[in-house]
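Quick note: the sequence shown uses our numbering, first residue 1, plus one each step.
These are computed hints drawn from the structure, not numbers from a lab.
All clues given are correct.
Here are the computed lysine-lysine pairs in the DSSO-like style, where the Cα-Cα straight-line distance is at most 30 Å:
id, residue 1, residue 2
1, 260, 384
2, 67, 37
3, 442, 550
4, 442, 487
5, 645, 297
6, 720, 710
7, 384, 579
Restraint-style ranges between C-beta atoms, simulated for each label pair:
id, residue 1, residue 2, range
8, 620, 543, 34 to 42 Å
9, 189, 152, 17 to 25 Å
10, 581, 128, 41 to 49 Å
11, 700, 547, 41 to 49 Å
12, 236, 349, 44 to 52 Å
13, 92, 143, 22 to 30 Å
14, 236, 143, 50 to 58 Å
15, 399, 445, 23 to 31 Å
16, 228, 700, 34 to 42 Å
17, 508, 419, 27 to 35 Å
For clarity, every value in this text was computed on a predicted model and none was experimentally measured.
We put the beta carbon where it would ideally sit given N, CA and C, even for glycine.
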Amino acid sequence: MDAIHYLADKIKCAWRGGKVVSILFLDVEGAFPNAVKERLIHNMKKRRIPKAYVDFVEQLLTGRMTKLQFDDFVSELMTVDNGIGQGDPLSMILYIIYNADLLEIADVTEREDALGYVDDVAVMAVADDFDETVTMLKHMMEKEDGGQQWSDDHNSRFEVSKSVVLHATRRRQKDPANGRRQIPLDRPPLILQGQVVREVESFKYLGIEIDSELRWQAQMQRGLANATKWVQLFRRLTRPSTGINAKLMRRLYISVALPKMTYALDTWYTPPTKPEGCRRSKGSSTFLKKITSLQRKATLAITGGLPSTATDVLDAHAGILPMELTLLKICHRATLRLCTLPETHPLHVVVEREARTMNNDQAHQGAIKQLLRIFELKPDNLEKISPETSDPARPNNFTIRITETREESMKIEEEDNSDIKMYTDGSGHNNRVGAAAVMYLKGALHPIKTLRLYLGTLSEHTTYEGEATGGILAMWLLEHHPGIRGKRVTVYTDSQAFLQGLDRRKGKPAQHLVQAFLDAANNLPCQLRLRWISAHSEVPGNEKADEEAKEAANGNSSPTDSLPPYLRIPLPRSAAAEKQAYHAELKEMWCEDWEKSIRKERMDRIDAEFPFNKYCKMRDGLTRAQGSLLTQIRSGHIPLNAHLKRIGKSETENCQACTGRRGAIPAKETVTHFLFDCPAYMTEREKMNRKLGRHAGDLKLIMSTIDGIKELLRFVGETKRLRNTLGDVTPQSEEGNEY
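Sequences and hints are given; from them, build the entire structure.
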């Protein structure tokens, strides 16, 4: 995704300067199998990779043997002298090192560039016209130390017949034969190794269809086709009466189908918006409309509702945000990640530049600028998250212990005979975040030192940051306490997440605070131990730290000159807090849309607690058929005659069970009639009435408890009215007897 952003930015920057861009997409034949071990080792040494890693890779690729097997034939063992083990997780990193020289064939100027992701390589040239860009591409490939030289040295032949060139521009020229007509600019052929490289109007690079005008129409069509495929596969797993239950179907959709449907969404999709003063909205509204219909098919599969059910009702009962909000969530998450890239990342400069010019309405605006504007994100205010580069084998200068039970943690604290005890806490109080640390000497009843810090609101920082900050405050108190060398010091915190995070070497939110704590803790000359203590355990030190953290959350920080230098300036905004805050905004937007729905009034008579989290939790413990029936009852879209007549699937809306009964008045077969009024099911209904008592006629109350739902299901099952469509929905006990 970052590679696509970089490529698109390079093209649009050239267009703003009145230039054109030609891109040569190279195809390396047999990339992994043809890699030469000796050349790989040479490249690793050239890039100053530590000798231990070089030796490990050399041993890994030495003395390998393999067999070939097909049908009933198995070959003898054969020696493997070449290649990188494709499928090995390390192989991707090794090939990036192997072909790194290929990316250096371009001069470090704005006119030339090269982009690579493992064996997918693109070479770019920027100039005034395509005659010049084609000449530049040819020169980059054929010059000394160019692309062809790399190919020969690395045993990696370019498949010219599969390589393509794409000429990117939106400029056109007048047709000499007709002055009122516009035609594409002249594009001379690119000839490499005596073959003409095929010219294309669009090309799939890293799974994204890049077109010559960056309109992304081809990619949208590809995205819709891919989404259709995944939804069809998803729907095959279930039917209204059989298949995987709603809980697992929802999880499968969110974790597998949806990411596949929206791959690299932020690079080519623009959320529809209506800028102030504009008559029409801008953005990818057509794509949104079509993919919304695809999610509708998925929510039908999750809930087991009838096809006539309204989309907003299906989304609510599936527990899935409407597609418009889902796409906003995905784009916001991707944009937030771009804002947290470190300075070493190639896109960092791009993001910073686009943020500075966010309000400038310049031509050929990139996706990054549009997303920053839509979500009002400012990279300068957000924390930066870097890849973890510390040595995982380097031990910390302290020990960590997390007990299994609350009681055990309290017992350890009570028996602790340390010279100094520290208690830290981070508090999210009154929508604010504060941190504190208190220091106790051995046997003391009151702390000798206390530090507090107010971080900001919960939309800017997280409680986890408060816990980490509390740890930093504790280290600062210890560092400036006289005579701690060799002393036994125990630091207590009620955050298991913070303690566990100290051993997890990876880039993550609040990483800068964790690193600041580690730097301070590993430089202390004392015997340092970190321990978990259960919150609200009535341990005096822990309760005092909690009290001080709440005081800090109210805005009462310690004097600035008493704080660690790292905490004397405002902390950057947390990416995790921003993500949580925006997710809350999306839920509010969903609730506002539901308030405007014409279905709300009817649903309120059954369940007014939108979103229907309580209902979804109860439904998740039922069978597929039972869950489908509940959705149909709640929505009113159920195979009873009143509804079937409305959608043209029945000739009558009357209850057939009542027809022919002497003295009976024909009645509409609605949900209410079927459940509470139809005399044909009086015997079955009496059982339900005895079980439910005075709530027997109130569908809203019945639906509010799992016991009421099971009685309702038992009643429907005994009537056998819906057996043809849903089968037997009667609940069964663990012994197999009916409830």
